[in-house]
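One-letter residues, chain by chain:
Number of protein chains: 2
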Amino acid sequence: MSIISIFRFRFLRRNKLAKNIKNIVGFYPNDVFLFEKSLIHKSAVYDHSSKYTESNERLEFLGDAILGAVVADYLFKKYPLKDEGFLTKMRSKIVSRHSLNELSKKIGLDEIVIARLDKKSKTDSIYGNAFEALIGAIYLDRGTKACESFILKRILQPYISLEKLENEETNFKSRIIEWAQKEKRELTFEIVSETGEGRNKFFEACVKLDGEEVAWGKEKSKKKAEQIAANKFCQKFKLLDE
Amino acid sequence: MSIISIFRFRFLRRNKLAKNIKNIVGFYPNDVFLFEKSLIHKSAVYDHSSKYTESNERLEFLGDAILGAVVADYLFKKYPLKDEGFLTKMRSKIVSRHSLNELSKKIGLDEIVIARLDKKSKTDSIYGNAFEALIGAIYLDRGTKACESFILKRILQPYISLEKLENEETNFKSRIIEWAQKEKRELTFEIVSETGEGRNKFFEACVKLDGEEVAWGKEKSKKKAEQIAANKFCQKFKLLDE
Numbered sequence: 001m002s003i004i005s006i007f008r009f010r011f012l013r014r015n016k017l018a019k020n021i022k023n024i025v026g027f028y029p030n031d032v033f034l035f036e037k038s039l040i041h042k043s044a045v046y047d048h049s050s051k052y053t054e055s056n057e058r059l060e061f062l063g064d065a066i067l068g069a070v071v072a073d074y075l076f077k078k079y080p081l082k083d084e085g086f087l088t089k090m091r092s093k094i095v096s097r098h099s100l101n102e103l104s105k106k107i108g109l110d111e112i113v114i115a116r117l118d119k120k121s122k123t124d125s126i127y128g129n130a131f132e133a134l135i136g137a138i139y140l141d142r143g144t145k146a147c148e149s150f151i152l153k154r155i156l157q158p159y160i161s162l163e164k165l166e167n168e169e170t171n172f173k174s175r176i177i178e179w180a181q182k183e184k185r186e187l188t189f190e191i192v193s194e195t196g197e198g199r200n201k202f203f204e205a206c207v208k209l210d211g212e213e214v215a216w217g218k219e220k221s222k223k224k225a226e227q228i229a230a231n232k233f234c235q236k237f238k239l240l241d242e
Numbered sequence: 243m244s245i246i247s248i249f250r251f252r253f254l255r256r257n258k259l260a261k262n263i264k265n266i267v268g269f270y271p272n273d274v275f276l277f278e279k280s281l282i283h284k285s286a287v288y289d290h291s292s293k294y295t296e297s298n299e300r301l302e303f304l305g306d307a308i309l310g311a312v313v314a315d316y317l318f319k320k321y322p323l324k325d326e327g328f329l330t331k332m333r334s335k336i337v338s339r340h341s342l343n344e345l346s347k348k349i350g351l352d353e354i355v356i357a358r359l360d361k362k363s364k365t366d367s368i369y370g371n372a373f374e375a376l377i378g379a380i381y382l383d384r385g386t387k388a389c390e391s392f393i394l395k396r397i398l399q400p401y402i403s404l405e406k407l408e409n410e411e412t413n414f415k416s417r418i419i420e421w422a423q424k425e426k427r428e429l430t431f432e433i434v435s436e437t438g439e440g441r442n443k444f445f446e447a448c449v450k451l452d453g454e455e456v457a458w459g460k461e462k463s464k465k466k467a468e469q470i471a472a473n474k475f476c477q478k479f480k481l482l483d484e
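So the protein sequences, as listed, match chains A and B. Read in this note's numbering, the first sequence has 229 at position 229, and its numbers run on one by one without any break. Take the position in the second sequence, starting the count at 1, then add 242; the result is the number in this note's numbering.
What the hints contain is simulated information worked out from the structure, not anything from laboratory work. Wrong hints could be hidden among the right ones.
Stated by the list, open to error - In silico DSS-like pairs for lysine-lysine, Cα to Cα no more than 30 Å straight-line:
hint, chain 1, residue 1, chain 2, residue 2
1, A, 236, B, 480
2, A, 223, B, 319
3, A, 19, B, 319
4, A, 238, B, 361
5, A, 218, B, 284
6, A, 42, B, 324
7, B, 478, A, 223
8, A, 122, B, 324
9, B, 364, A, 42
The shape of chain A in the complex, shown without the other chains:
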């Protein structure tokens, strides 16, 4: 390939990519190749013949943190009267691996992700990871404000129904009981303490796995305390990821 055709090829690739990115994020990127990097699954780097030398994993690390902060800020302001248990649950639902994979496909990122995997090894999480990496790229390319605006206007507002998420059945207790049956582990709930009186009365529930206390929850009813403990258990064992 002559030097001119190398440049021409690079120019065309750059243009096509810039258009694809524009369609997804709403602006032409300053640094197209930063956005390209956000699309590169590590399988495309490990490949011998690959022209890519770096995957999107560093950008994913950054984007994951930025997304977490923007969603936390959004929920904090949206729900001034809800406690942190509610906020944590809502955020978990929005940024769960499953939710990110779906969002990624909704904005069409799955069409342009760069990976070298056979069908069997391809899981949806490569789309969710690329989604986080894209957030990282927007943050670096355009700064905090633009990144926040992308997340709010192009992701949360069009695709996330807070009302639906709020009402979504999150019976953590039944979820972990199912999990324990599948995994053949012994799981029990116990009320370990009752404190206070009247409207200040609190119950503390605990989940035991194979006889060991692993997660706790404190609330005004036994049922709620168990749900909180079960939710914490889910977080601990990453049961909300898929």
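For chain A, the structure is supplied; the task is to place chain B on it using the hints.
Just chain B now, with coordinates in the frame of chain A:
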């Protein structure tokens, strides 16, 4: 108490608090009572006779996310050539529960935390939690830039030695082996796959707990792959929190 003396009391409290906050964060807060809220452990709210109606838990939720994002951005830019495994490890060390508790005490937050706990129930984590809540308060009171600047100039630069953290012994493998012995669980390591050739050769290690695969790591040497798997195991079981 007359209305005048209530106002006078509130004014004095406000003034004293504003000075304390100024000493810690470097500026007089716009909203002193927002900062006061960041100091209130839930035990001071549950108390019957308490004048406080809301704890710092919502602010802690917000501050935790903001801190995570600022530290991620800082490390991402500080180490342009390090992979996300390294970045994740460094961040875990900086924002571990233990590290936050220590930072909180270093800036003197432990002196002004508001809690109603007997000595036995008081754990250092109330300081780390208040530290996160303080970050949330700064973010709301002064915005992103000021919050970032507080974290960088008043926390990371004076108190965190990256060099020391980098060299800190993080033998995750021995840590989880110890943990498993203490918890009487069966823990084994296994190399589950080898892929690629030459400089692209990768080993995948897996940690099994009671015979079940629970964490994986892929790297260019078996030893490194095991360390990554062990690190992921630590994250999964929250073994890095203390």
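Is residue 236 of chain A close enough to residue 480 of chain B, meaning Cα to Cα at most 30 Å? Between residue 236 of chain A and residue 480 of chain B the Cα gap is close to 7 Å, so the pair holds against 30 Å.
Hint consistency between residue 478 of chain B and residue 223 of chain A [alpha-carbon to alpha-carbon, up to 30 Å]: Holds, at roughly 26 Å.
Within a Cα-Cα threshold of 30 Å, do residue 223 of chain A and residue 319 of chain B meet the stated pairing? violated (46 Å)
Hinted pair, alpha-carbon criterion (30 Å max): residue 238 of chain A, residue 361 of chain B. Please report holds or violated. violated (33 Å)
Hint check: residue 364 of chain B vs residue 42 of chain A, CA-CA at most 30 Å. Holds or violated? Distance of about 46 Å is beyond 30 Å: violated.
Holds or violated: residue 42 of chain A with residue 324 of chain B, Cα cutoff 30 Å? The hint holds at about 15 Å.
Taking only the CA atoms, is the gap from residue 19 of chain A to residue 319 of chain B under or equal to 30 Å? Judged against 30 Å, a Cα distance of about 28 Å means the pair holds.
What's the verdict on residue 218 of chain A and residue 284 of chain B, does the C-alpha distance respect the 30 Å limit or exceed it? holds (12 Å)
Checking one constraint from the list: CA of residue 122 of chain A to CA of residue 324 of chain B, max 30 Å. Satisfied? holds (26 Å)
Consistency with the previously given hints fails for numbers 2, 4 and 9, ordered from lowest to highest.
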